[in-house]
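Since the structure of chain A is already known, use the hints to place chain B on it.
Protein chains in written order, with the numbering used here: chain A, 1 to 166; chain B, 1 to 500.
In case anyone wonders, no lab produced these hints; they're calculated from the structure.
Fair warning: this is a prediction, and the values are worked out from it, not measured in the lab.
Warning: the hint list may mix true and false statements.
What the hints assert, rightly or not - No more than 27 Å apart at the CA atoms, straight line, and that leaves these computed lysine-lysine pairs for DSS-like:
id : chain 1 : residue 1 : chain 2 : residue 2
1  : B       : 409       : B       : 55
2  : A       : 42        : B       : 187
3  : B       : 103       : B       : 55
4  : A       : 151       : B       : 55
5  : B       : 55        : B       : 289
6  : B       : 289       : B       : 249
7  : A       : 151       : B       : 103
8  : B       : 249       : B       : 103
9  : B       : 103       : B       : 296
Stated by the list, open to error - Which chain A residues face chain B? A few, computed with CB under 8 Å, are given here:
id : residue
10 : 21
11 : 52
12 : 87
13 : 115
14 : 118
15 : 119
As the list claims (entries may be wrong) - Which residues of chain B face chain A? A few of them, derived with a C-beta cut under 10 Å, are:
id : residue
16 : 221
17 : 461
18 : 469
Glycine included, every Cβ here is placed at the ideal spot set by N, Cα and C.
For reference, the chains in residue letters:
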Amino acid sequence: MSSEGAPGDHPGGAGRRVDRAGLVIAAALAALAAVLVWDANKLPATSMYGMGPEAMPVVIAVGLVLLAIGNLIDALRGNLPPRESMDPKPVWLIIVGLALLIGIIGFGGGFILATSALFVTTSAAFGRRAVVADSVIALVLTTLIYLAFDKLLTLSLPAGPLERLL
Amino acid sequence: MIDTFAALAHGMAVALQPMNLLYALIGVFLGTAVGVLPGIGPALTVALLLPVTYKLDPGGSLIMFAGIYYGGMYGGSTTAILINTPGESASMATALEGNKMAKAGRGGPALATSAIGSFVAGTIATIGLAFLAPWLVDFAVRFGPEDYFALMCVAFVTVSATFGDSPVRGLTSLFIGLTLGLIGIDKLTGQARLAFGIPELLDGVEVTTLAVGLFAVGEALYVASRRHHAEEKLEPVRGSLWMTREDWKRSWKPWLRGTLFGFPIGALPAGGAEIPTFLSYSTERRLTKHPEEFGKGAIEGVAGPEAANNASAAGTLVPLLTLGLPTSATAAMMLAGFQQYGLNPGPLLFAERPDLVWGLIASLFIANGMLLVLNLPLVGLWVRLLAIPQPWLYAGILVFATMGTIAAKPSVVELSMLAGFGIMGFLMRRFDFPIAPVVIGLILGPIAESQLRRALAISLGDPMVLLQSPMSATLLGIALIALVAPFVLKELRRFKANED
Numbered sequence: 001m002s003s004e005g006a007p008g009d010h011p012g013g014a015g016r017r018v019d020r021a022g023l024v025i026a027a028a029l030a031a032l033a034a035v036l037v038w039d040a041n042k043l044p045a046t047s048m049y050g051m052g053p054e055a056m057p058v059v060i061a062v063g064l065v066l067l068a069i070g071n072l073i074d075a076l077r078g079n080l081p082p083r084e085s086m087d088p089k090p091v092w093l094i095i096v097g098l099a100l101l102i103g104i105i106g107f108g109g110g111f112i113l114a115t116s117a118l119f120v121t122t123s124a125a126f127g128r129r130a131v132v133a134d135s136v137i138a139l140v141l142t143t144l145i146y147l148a149f150d151k152l153l154t155l156s157l158p159a160g161p162l163e164r165l166l
Numbered sequence: 001m002i003d004t005f006a007a008l009a010h011g012m013a014v015a016l017q018p019m020n021l022l023y024a025l026i027g028v029f030l031g032t033a034v035g036v037l038p039g040i041g042p043a044l045t046v047a048l049l050l051p052v053t054y055k056l057d058p059g060g061s062l063i064m065f066a067g068i069y070y071g072g073m074y075g076g077s078t079t080a081i082l083i084n085t086p087g088e089s090a091s092m093a094t095a096l097e098g099n100k101m102a103k104a105g106r107g108g109p110a111l112a113t114s115a116i117g118s119f120v121a122g123t124i125a126t127i128g129l130a131f132l133a134p135w136l137v138d139f140a141v142r143f144g145p146e147d148y149f150a151l152m153c154v155a156f157v158t159v160s161a162t163f164g165d166s167p168v169r170g171l172t173s174l175f176i177g178l179t180l181g182l183i184g185i186d187k188l189t190g191q192a193r194l195a196f197g198i199p200e201l202l203d204g205v206e207v208t209t210l211a212v213g214l215f216a217v218g219e220a221l222y223v224a225s226r227r228h229h230a231e232e233k234l235e236p237v238r239g240s241l242w243m244t245r246e247d248w249k250r251s252w253k254p255w256l257r258g259t260l261f262g263f264p265i266g267a268l269p270a271g272g273a274e275i276p277t278f279l280s281y282s283t284e285r286r287l288t289k290h291p292e293e294f295g296k297g298a299i300e301g302v303a304g305p306e307a308a309n310n311a312s313a314a315g316t317l318v319p320l321l322t323l324g325l326p327t328s329a330t331a332a333m334m335l336a337g338f339q340q341y342g343l344n345p346g347p348l349l350f351a352e353r354p355d356l357v358w359g360l361i362a363s364l365f366i367a368n369g370m371l372l373v374l375n376l377p378l379v380g381l382w383v384r385l386l387a388i389p390q391p392w393l394y395a396g397i398l399v400f401a402t403m404g405t406i407a408a409k410p411s412v413v414e415l416s417m418l419a420g421f422g423i424m425g426f427l428m429r430r431f432d433f434p435i436a437p438v439v440i441g442l443i444l445g446p447i448a449e450s451q452l453r454r455a456l457a458i459s460l461g462d463p464m465v466l467l468q469s470p471m472s473a474t475l476l477g478i479a480l481i482a483l484v485a486p487f488v489l490k491e492l493r494r495f496k497a498n499e500d
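Bound conformation, chain A alone (with noise of 0.2 Å):
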């Protein structure tokens, strides 16, 4: 998906040494092997002849082990493939978007609300500055999905104080 075989910014900048994300994403592997196994443990035995249900789950975990063990040696030799510098402050700001989304359908703030939210951070993400506008547009946006996709199409969206307006 997105191996566009670009240059990063620091070009062989991996090398050789030791890579502190590959290290991270091995330990997850692993962690998420011992889940699987803990999960499985607790499942009551069956006297179903072949496989039970705690069987698969064994099974993969085997596998998600070895992954961690090739995924750490390729960090131990800085195998990873080079990345591209990154700016963090965007990535918060749509995570904060989609918080938010959460956060307002959970208290029932409606569908309008919710999306407008995400839609407004989103923008802002992506270099916007004019807040007001954005949730003018956003609000106009999200209000005509709203009615197409809830009055039109008769799919139920969740409906807070401005939905019961319209």
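Below, chain B alone, put in the same frame as chain A:
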């Protein structure tokens, strides 16, 4: 032979009903409109539009799907040519030459050769599908559960390990998908696995939530994180849209050769359209009478790979429809589309719902024809979609992406999963892990598990059943070779490099 014609004629009768024609038209239109947006490939197009089809009957919905599928592919090549952002790796060859043509003011002929080439390839490949499918179905009815399990092992390995950049990273993606597939109630015993007492997890992870999170949210986060790198430039379409005599002469052979690469490779459970498109590109480069133009905008370099891409898309429908085996992210989304109606593609579906299957195949012809008629005249509209400023574009994509999940399951847990998968997709892009194997692992993992358990239940727990069936033994052997080969080749290369 005669049967195929009769079945296809019946399918045409289904597909040509006015309502179904309308569904196909809507599908084609929506598919192209969404597919044309930069960064959105056909798999995401299908995932985003899946909720739109919820309310339709299965027949109409699948027909709309056929349109969305091909429409998304056409849209993707338009984007590749006009702004050099291939939505998927299979469009990379198109972006290579097509964008150069657009820069040189020959965007029109580039779009035309890609549209007509896709039409030619899609039509030939769909004919191939219509004739190959019944034959394969006859073969597949004799498959036992152990054979299916072995076949899925082949698909797992080829999709994740054999053809990617790194077998370790590909397999890591696959196993993350397999792990996600475990979540929920075990279908054979009714016990909950990995649900951690959260009721929403008992139904398992929705394929659409995973795909939209990984593809749409992940892509938006990734593009945002590297916005300070050079921005893409939209090439205006200047000059004539039509191909000259010379263009036609240089295009028709690459179309046919591309089809010949695309369809068989797509039909094998080998996954992905990358290989046929690159094979086609390098072949055209070798055979061309204008080698000086390659890399600067050679029409053969657009015509061949585009045909290969479309032919392989139709090719992946062969294992999907006859065996229920998705070998690309897009095919996995199509399978999810079937599953939302409780339909399982495979030999049984051909026997039980021939109207559905053949209606879908016939709709592929119709969608292809509609696209040819629609795409070139509407190119101005698609270009305007491409000109949407990036902040609004991605904000809109995210609103639309979350809307699908909100409509299907408006719960905090489901939306948190969507956001979590988005962050996972972002990290996977950043650390160069392939995404398609996760989706394939999620959708195919539970099926493979139940086939294996069925096989072992029949054999009273004797694992040798996997090797006693010649079919299953052969397939497992192929899977093993495909798994080991990339590692051996890599070590060999390292060994050679040390020798030098």
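Hint check:
no., hint, result
1, B:409 to B:55, "15 Å, holds"
2, A:42 to B:187, "17 Å, holds"
3, B:103 to B:55, "43 Å, violated"
4, A:151 to B:55, "13 Å, holds"
5, B:55 to B:289, "53 Å, violated"
6, B:289 to B:249, "12 Å, holds"
7, A:151 to B:103, "44 Å, violated"
8, B:249 to B:103, "22 Å, holds"
9, B:103 to B:296, "9 Å, holds"
10, 21, "6 Å, holds"
11, 52, "7 Å, holds"
12, 87, "6 Å, holds"
13, 115, "5 Å, holds"
14, 118, "6 Å, holds"
15, 119, "4 Å, holds"
16, 221, "5 Å, holds"
17, 461, "5 Å, holds"
18, 469, "16 Å, violated"
Against the hints set out earlier in the document, violations occur for numbers 3, 5, 7, 18.
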